[in-house]
Amino acid sequence: MIRNILGAVIGCMLVLASVAHAQEQRGFYIGTGYGVMKLPDVDGMDFSDAHNAYLQVGYQITNNFAIEAQYSNSTKEGSADLLIEDIDTSWEVWQALMESNAEMTLSEAMSIFPEAYADIGISMDAEVETLALYGVYRSSGKFYLKAKAGGVSAKASIKAAVSSFDFRWLEGNGNVIEGSVEPGMEGFDMMAEDFVVTESERDTEFSAGLGVGYRIGGNFMSELEYTVIDDVDYISLGINYAF
Numbered sequence: 023m024i025r026n027i028l029g030a031v032i033g034c035m036l037v038l039a040s041v042a043h044a045q046e047q048r049g050f051y052i053g054t055g056y057g058v059m060k061l062p063d064v065d066g067m068d069f070s071d072a073h074n075a076y077l078q079v080g081y082q083i084t085n086n087f088a089i090e091a092q093y094s095n096s097t098k099e100g101s102a103d104l105l106i107e108d109i110d111t112s113w114e115v116w117q118a119l120m121e122s123n124a125e126m127t128l129s130e131a132m133s134i135f136p137e138a139y140a141d142i143g144i145s146m147d148a149e150v151e152t153l154a155l156y157g158v159y160r161s162s163g164k165f166y167l168k169a170k171a172g173g174v175s176a177k178a179s180i181k182a183a184v185s186s187f188d189f190r191w192l193e194g195n196g197n198v199i200e201g202s203v204e205p206g207m208e209g210f211d212m213m214a215e216d217f218v219v220t221e222s223e224r225d226t227e228f229s230a231g232l233g234v235g236y237r238i239g240g241n242f243m244s245e246l247e248y249t250v251i252d253d254v255d256y257i258s259l260g261i262n263y264a265f
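What the sequence shown shows, in my numbering, is residues 23 to 265, in sequence order.
In short, the hints are calculated from the structure, not lab data. What you are looking at is a predicted structure, and each value in this text was computed from that prediction instead of being measured. If a hint is listed, it holds; no wrong ones were tucked in.
Derived pair list, reagent style BS3-like, types lysine-lysine, alpha-carbon separation capped at 30 Å: (1) LYS168 <-> LYS98; (2) LYS60 <-> LYS98; (3) LYS177 <-> LYS60; (4) LYS60 <-> LYS181; (5) LYS177 <-> LYS98; (6) LYS168 <-> LYS60; (7) LYS98 <-> LYS181.
The following label-pair restraints were derived from C-beta to C-beta distances: (8) LYS164 <-> TYR248: 18 to 24 Å; (9) GLY173 <-> SER202: 46 to 52 Å; (10) LEU128 <-> VAL219: 27 to 33 Å; (11) LYS60 <-> GLU130: 51 to 57 Å; (12) VAL79 <-> ILE109: 49 to 55 Å; (13) ASN95 <-> PHE228: 16 to 22 Å; (14) ILE106 <-> GLU227: 30 to 36 Å.
No residue lacks a Cβ here, since even glycine has one placed at the ideal position from N, Cα and C.
Assemble the whole structure, with the sequences as input and the hints as a guide.
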C-alpha cells in the first residue's frame, strides 16, 4: 500500500513539475535577423539574391510549441540585366528631325534617315516584402531543431529602367551612323525617362521552414533557418529574446 501511494505521489509530483516547467517556458519573445532571398529566374533572366532583414514576435505556448509573426523587407534588391535588340526607332528619329526644323516634312525626314534601330539595355531590380504567421515547433535541449508552417502575405516589386542605348541610323546614301548613350552622358536622362516601369504584386501563400537553434542562455536563442515562400527561398540567421 505504501509503495502504491508513494508511486502515486511521485507520479503526481512529476506531473506538477512538468507543468511548472512548461509554465516557465510560456511567454512572449521578440527577434530580429538577416538573410538571403534566392529569387527565381524570370523569362530567362537570372536575378541576383535579395537581402532581407526581419523582425518577429512570438508567444511560447508550451516548451515545444509557439506561434510566431514575422515581417521582412529587402535591404538590398536582387538585380538582373536584359538586352532588347533591334528596336525600330525610325519614327522617333523622324519626329526629332521635324521638331528641330519646323519646315521639314515627314518625307524629307524619311529621306535623311530611312531606317533607325536601337539596342536597349534594361536593368531590373526586385525586392520582396513579407508578413507571415507561423505555428512553430522547437525540440528540447540546448541545441534544437525547429520546424514551422503557416501563411504569408508576400509582395514582390520589380523596377525596370534603361541602362544603355546603342543606336544604328541608316542614312539615305547608304551610310550607317552608330553610337551609344550611357548614364552620365548628355541626353541619356531625357531618352531614358519614358522607359522606367515599376510593377508589384501581392499574394497570400503557404510557407514552411526548417532550422536549427542554440539556447545561449539568459533568455537568448540563436537560429539558422531555411524558409520556402512560394517560389522564393529565404536563408536567414537571427536571434530571439524571451521575456
